[in-house]
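Line by line, the protein sequences are chains C and W. Take the first sequence: its letter number 471 is residue 470 in numbering that gives the first Met the number 0, and every next letter is one higher. Take the second sequence: its letter number 173 is residue 172 in numbering that gives the first Met the number 0, and every next letter is one higher.
I should point out that these hints are in silico values taken from the structure, not numbers from a laboratory. Since the model is a prediction, treat every value here as computed from it, not as a measurement. Every residue gets a Cβ at the ideal spot worked out from N, C-alpha and C, and that includes glycine. A portion of the hints provided could be inaccurate.
Quick list of simulated restraints, FRET-style, between CB atoms [as the list claims (entries may be wrong)]: (1) W:186 to C:440: 34 to 44 Å; (2) C:361 to W:61: 20 to 30 Å; (3) C:371 to W:186: 35 to 45 Å; (4) W:60 to C:79: 32 to 42 Å; (5) W:57 to C:332: 17 to 27 Å.
Read off the chains here:
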Amino acid sequence: MTRIAGVGAYAPSLRIGGEEFEAAWGAFDAPGIETKAVPDADEDPLTMAAEAGRRAMNAGETPPDQINWLGFATTTPPVEEGDLLPRLSSLLGIEPELTAHFGGSTRAGTQALVTGLETVDGGAGLVIAADCSRGAPDHPEEHAAGAGAAAILLGADGAAVVERSDSGTVTPGLRFRRRGSEQTERLGVTAYERSAFRETVVEAIEGLDVELSAIEAAAIQAPDGGLPYRAIRGLDLDAEAVGAVETVSALGDTGAASPLLGLASALERDLDRTLVVGFGGGSGATALLVEGNAPVELALDGEVDLDYPAYLRRRGELTSGPPEGGGAYVSVPTWVRSVPQRHQRIAGRCADCGSLGFPPEGACPDCGALGDYAPVALDRTGTVEAVTEISQGGAPPEFIEQQARSGSYASAIVAFDGPAGGSVSVPAQVVLVGGQSVAVGDRVDAVVRRIYTQEGVTRYGFKVVPAEAGP
Amino acid sequence: MRDAYLIGAGQTAFGAFPDESYRSLFAEAYEKAVESVGNGFDSESIDEAVVATLGVGGRQLGLPGPAVTEHVGLHNVPCTRVENACAAGGSAVRTAVQAVKSGMADVVLAGGVEVMTDMSGDVTKYWLGVSGETEWERLTGTTFSGVYAQMASAYLESTEATHDHLSQVAVKNHANGAENPDAHLNFGCSLDDARSAPTVASPLNLYDCCPTSDGAAAILIASEEVAKDVSNEPIRVAGVGSASGRVGLFQRDTYTSIPATIEAGRQAFEMAEVGPSALDFAELHDCFTVAELLAYEDLGFCDRGEAYTLIEDGVTALDGDLPVNPSGGLKSKGHPIGATGTGQLVEVFKQLRGRAGSRQVDGARRALTHNVGGSGGAVVVHVLESAVAA
């Protein structure tokens, strides 16, 4: 039986409080939400998925080469068409035999978990759900729209899904996104929507063979902070079970990741019996009963509070997009040739003198040999050798929109250590939030971010952030 | 190899000239260079042309050389465009010197031109930093200010120098440029002005950065025979040095020195058979204030880590022992990329002939020019001396 062997989670460190919306609009239309996570301008579901996936493998102490199945669930993919799984695999450093994309509704997260449990047979798999939906600025969906990712490592040991039940009702209009639109909508027929949510969720829960009164953790899909509680009214399920593991009050609506983030919270708290319910508008629900424990590595804390204008900037509501083209240009084929370096920091060890070179091409920086390089993966952590903070107006065109949205960033030369001694200097952008700064000698960690988008193609790679642990 | 001589030099003012084209600017510099020779010099005797330009804005990326020489009526000569980013001008001079020394040509025109201020905001953004290492360095979000700021971060960390010393470089060069009618920013600035300017890329602020300019500069290099015939005051090209370096800063062993400057300087001093102490002044590539301090050390004007003492003690001021950038340098005179390197020789021409007006370096006989491409991917150094000084 395939089990849940580890869980990783990630949410952007930016937060906005409901009071900021109240100040701007006179009201905050997302019940039960106090703050919500806001993706930075260079974050999207793919970068959040990579951050959560890495943590799940860490938690379960499973090396990337063990992963033979990858499922990715999101309702807000960065492109409407285009296979994201090869890039996500590359960013995670895994080479799965089979990959699957799940979308269409916020139920995609639990659907991916169910499919992974049924598909993975020996070895390890990874299920990742990541979402950061948006709505029109004056609609309640936008007030609730948060961001987050949960990743579940599948393997031989850990927690088990012991019960499963599904339901479906013909109730369109609850949460949907039109073709060609970035904005999630709902009709706003309150009574109809509440009852459709409740009926679909309850039908799935009631299909489980479980004594509900004994459940201490209920990770129920949370489009806002109120609906999960409304849904279980009348069931023999304690409201505190919902409150014990909910993330919506701090992160907002995390879409496909919502029930899995609840499961992550339950496992973090060593609650060994969790009801997980995924729901998608239209409508369908999947209920699971998870028993047992699994290790977790969660990065869900907020670090920086945004005000409403800063929030609008981050979301690109106030900026005019990148400037018209010309000048220096890196073609997509050129970029693709550098993907092992961009995604996994693969340097080269000179066959002649053993020095490290980055990128591993051309003459060896030390001995000048034109021989071969043996690929070596650099550490995630490095030391700043030179650094500058680029002020508004100083960014090259590829980064003008990002800077307009996120503000100043730094650019550094970072010495990353190799696996068997030696280090090599690598240029990297430094993500700075909330007045952070970096100086020569500081330690920094690599993270996955969007580097830039040109001609509709987003180039993903690593940037660095101030290190979590000291030097 | 025979000697090569600087017999003529002229330039436009550097600045923003919306009424001029790259061709009209080049023509003005060319005509001034030809007129400066004297003794009835005939432009018909020019038998080769080398044109330096990066081509900012993409206005004539192919064949910019012939496009400007045809405009001044210089036809049927070998004409080559040289591209070495901000060192294009110095490289054009070196190519002209090489042609004369080799005997393949007797009179060579080396000219440079750039127009940088007539583009839309969007196009300007795309052209800034096109000479940085494109795939990695630029894609961490740097243009040139960022790369030199990284060098400054490492330099200030590893030496006794402070940001105030960088500001003092700006103050000195503005003081010189205020006396230069051809300078783009020909006004003085106080230390407070320089200290308190808005940050561009920390630790560099606006006063640590040179402007982007329009302008052209042209010089004439000739054989000894021609030089003695047409010029009363020929200037000998005593030393030439040039070296390439890693394009990306991260690929170098050091961020507090430009290795290509060390090598180019070594070559030029060796050929000239002099050292830094024999110089009366120098025109150094101060695209950013920190670059001037690095050049002091790389060219041997002082020991490692001691550059700040030269600026602090006024050694490199106009009335100091070794004035640096009497023209105002890139910082104040301006930086029209392709014209910068040839423009440095225009200043040398004026100074060594004693015609630099209120910024004249007393008794100037021997000078050095230093021209850097990118953050050090290409460097050209020349040592020039009055024929009577040799």
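Give me the numbers of the hints this structure contradicts, sorted from smallest to largest.
Hint 3 alone not satisfied by this model.
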